[in-house]
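Q: Chains as they are written, first to last, in our numbering: chain A, 1 to 217; chain B, 1 to 238.
Worth flagging that the hints you see were computed from the coordinates, not collected in a lab. All C-beta atoms in this analysis are idealised placements derived from N, C-alpha and C, irrespective of residue type, glycine included. Some hints here could point you the wrong way.
To be verified - According to the in silico footprint, chain B covers these stretches of chain A (three or more CB under 8 angstroms from chain B):
hint : segment
1    : 9-19
2    : 38-47
3    : 57-63
4    : 183-191
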Amino acid sequence: MTHDELAAAVPLYAVGALERVDRQTLEAHLLSGCIACRTTLKGYQSVAVMLPFRLNITPPPRTLKGKIMSSRVSIAATESGVQSPPRSSLEPGEWMKHLFPPSSPPITSYGRALGIVIVVVLTILVLFGWNASIQVNEDREKLAELQSQAEETGAKMAILQQQLSEREEILTQAREELQCRTAELTEVKDQLIQREAELEELKVQLVQGTRRPARIP
Amino acid sequence: MELSAHPLRDFFVECTESAIVLTDQRIIPSITTINILMDTSSQLAASTIDPKLVAGVTKGEHHALSQLYDQSSTVLFSLALRILGNREEAADVLHEVYLDIWRKVVRYDVGRGTPIAWLISLTRSRAIGRVRTRDLRTPRQMGPSIDGVQTGQVPGEGSDFFDSQADQALRNLVKEAWRNLPHRQQQAVELAYYGGLPETEIAAQLGQPVETVKTCIVQGMSQLHELLQSYWEQDEAV
């Protein structure tokens, strides 16, 4: 609904003719703080409450006042200061409580004492709750810190493991290469020994050849 | 002071009973004359209830409750009776309202209007709540206005029968403003205010489109607002 539509619905609201959905929409709008609509509503509500003044006067039964006054006495006797629970339904114009905070009603000495006790109890509870909430917050912070540290350590461990596995792999490759080189070296050694042996044999043959007399044809 | 205990009560009853046979126009001056006398000794106007009186009730002052009843019960009963159409139920509603104020189940806040405006809103809300509960059992068929027809009114019965001068002036003003409204607007506003019906149901009752009903209510309320506003402004200026 646009603002104009809401403003147009104010007289209908004041006289109680709005459908539930429209009423709730307008109440939400009034609670949102539209000064113009609130002022208009006050004007129309003051007119609506004047409507019963045009009715023909019909006095209540004469016994009603006595009945009310005696009920009041019996209530005072039975309840002895204990208030009955509030009604579940909203009273007319209840939404206005949100706009205009109700003036503090006069209270009896009993009510005042009860009020003080409630305030003290509430204060203690609030303090306890506050301390507990501070401690809980601190614990939460520590826990979060520890968690972050654990996560960091875990990440480092993973990196180290990865590095380790890489090193192992390199080492294995190096070992394999070393073995290859060792095998080649052994082969070369064998060949060298064989050559040395051939060389010795050739040396022996050479010595034998130099001792024989030369033949002249 | 309770009117029922007033020494001049018999005299007033006599005056009223003799005046009641006359036309409305002649009754009003008679009652007004009596009220001038009454206002000198007691403040019984519903329209001039002091917020301090309501505060006194919530403090548990018995005489405050008694005075609040004296000042407001007639207009509240007339309203409850108009909505419910039944004297016993109307009396039950008033019984509930006054006891709830006494028990502080409901609280008055100056920011929400005059005490009588608050009391009227409370009574209307309770009475319409009863009508709706009743409707759950037997669907309602709003009849014609019972205002001005037999309502079980007994001359002289009740402590507030003699209207105060202030209330009488207000009644005349509202009646005059109401008379200036077209009949269709009167019907629509009545069904909304006293019937507690939403616009669609009013439209169904009157056999009119919803938009027409809306317009009727808006125009009617605006006209009443203008008339009453100008009166209040003049009154404040004086």
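Q: Now tell me if each hint is right for this structure.
A: Now for the hints, and whether the structure bears them out:
no. : hint    : verdict
1   : 9-19    : holds (count 8)
2   : 38-47   : holds (count 6)
3   : 57-63   : holds (count 6)
4   : 183-191 : violated (count 0)
Against the hints set out earlier in the document, a violation occurs for number 4 only.
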